[in-house]
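Visitor: If you're matching positions, the sequence shown starts at 1 in the UniProt record's numbering and goes up one per residue.
Straight-line Cα separation of at most 20 angstroms, EDC-like style, residue types lysine to aspartate or glutamate; simulated pairs:
id, residue 1, residue 2
1, 71, 86
2, 273, 390
3, 90, 415
4, 231, 251
5, 71, 54
6, 71, 149
7, 89, 192
8, 76, 269
9, 76, 415
10, 151, 139
11, 273, 311
12, 231, 297
13, 89, 218
14, 90, 413
15, 90, 407
16, 402, 413
17, 402, 218
18, 402, 93
19, 151, 141
20, 90, 218
21, 231, 128
22, 313, 288
23, 71, 139
24, 231, 205
25, 71, 141
Because the hints were derived from the structure by calculation, they are not lab data.
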Amino acid sequence: MGHTPLLMAGSPGWTEPATAGHTAAGDAWGRGSGQSTAYALAFTRTPGFQTPSEFLENPSQSSRLTAPFRKHVRPKKQHEIRRLGELVKKLSDLTGCTQVVDVGSGQGHLSRFMSLGLGLMVKSIEGDQRLVERAQRLDQELLQALQKEEKRNPQVVHTGPRHRPHHVVRWVDPTALCEELLLPLENSPQSEARLLLTGLHACGDLSVALLRHFCRPEVAALASVGCCYMKLSDPGGYPLSQWVAGLPGRELPYRLREGACHALEEYAERLQKAGPGLRTHCYRAALETVIRRARPELRRPGVQGIPRVHELKIEEYVQRGLQRVGLDPHLPLNLAALRAHQAQENRVVAFFSLALLLAPLVETLILLDRLLYLQEQGFHAELLPIFSPELSPRNLVLVATKRPLGETFSVLETEDS
1 MGHTPLLMAG SPGWTEPATA GHTAAGDAWG RGSGQSTAYA LAFTRTPGFQ
51 TPSEFLENPS QSSRLTAPFR KHVRPKKQHE IRRLGELVKK LSDLTGCTQV
101 VDVGSGQGHL SRFMSLGLGL MVKSIEGDQR LVERAQRLDQ ELLQALQKEE
151 KRNPQVVHTG PRHRPHHVVR WVDPTALCEE LLLPLENSPQ SEARLLLTGL
201 HACGDLSVAL LRHFCRPEVA ALASVGCCYM KLSDPGGYPL SQWVAGLPGR
251 ELPYRLREGA CHALEEYAER LQKAGPGLRT HCYRAALETV IRRARPELRR
301 PGVQGIPRVH ELKIEEYVQR GLQRVGLDPH LPLNLAALRA HQAQENRVVA
351 FFSLALLLAP LVETLILLDR LLYLQEQGFH AELLPIFSPE LSPRNLVLVA
401 TKRPLGETFS VLETEDS
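Let the sequences and hints guide you as you build the complete structure.
Guide: Structure (structure tokens):
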């Protein structure tokens, strides 16, 4: 994929984003006459490498990670931590950063790979004490596994000391400055600290918090992959830029933001197979009608996944769904109404499919807003498709620096040999 020079908002050569010629990608959109305006306006989601060769030999194990780094990590996450970790390493080298801060680090898979695999100094920030404790146990387990591997293969020499991630339990308030996030590690003098902020699928407003902390002078670079757009505050989390805030009709209601989190490529494959699993949409819509009749104030409750939906009768699904949202599963049900809902299954699938075609366009507007927010303040930013969308649908990383990188920016897009 060719590298596009960065242009600042309002600078010579700047093209208004609404008409900029971004090419959309992915066979999921359809070809030829089926292409829509949404296709033409969305950012490309096709990375500059072919379908990941790392899973050709074994679909569950990345050949680009050694066994200790694959343990406890699913294939999707293996692909994500390797690709983002390698990009962060390159970006750190290009910008002279002394420390990486991984915000919303969860179980620490990305932090562990960056520190023990790539030799970066990493501070890992997570608000859930239980996840941090598990991350620390996994750190120790990985260290022991690496030491055993070195003893078995003495010809493989690890250069330099291994630094495990420094874990901090801290909730990051999107509306306030988090001093802990900006503090250097003990072996990094404050006056010399240059921070790189990163977040792998940082949820909702947490990605926005990363952008606001990037504006601090001690932060030199940013690599952020967002997620869970339906959890964004409005106002507060969207819009951020003056340009998008001035657009007529720029509002994005919950339904559009939630739809932008779905996996277009994976769903297109499901449509082609036309399997019974598609009836999940009809069942969930029927469940929503029952919930709203029983508890009108309960809107859009999260329903944990119900396994093997296609084997259930619609009333069985509704009963299990009611239990998952804290309602009485034995509520009297109107079976005739449920059967009438089920008869509309194909129409529900068609409606969901049409809505999903807009998902990349909605995501583009949200991410464009973030990119412009940084550019309006004089920073240099670009969106890069970093993951294979079939493996990781939220695959666009927002990369930002305080000084221009020029053509060296293109190095970030390439696959390491």
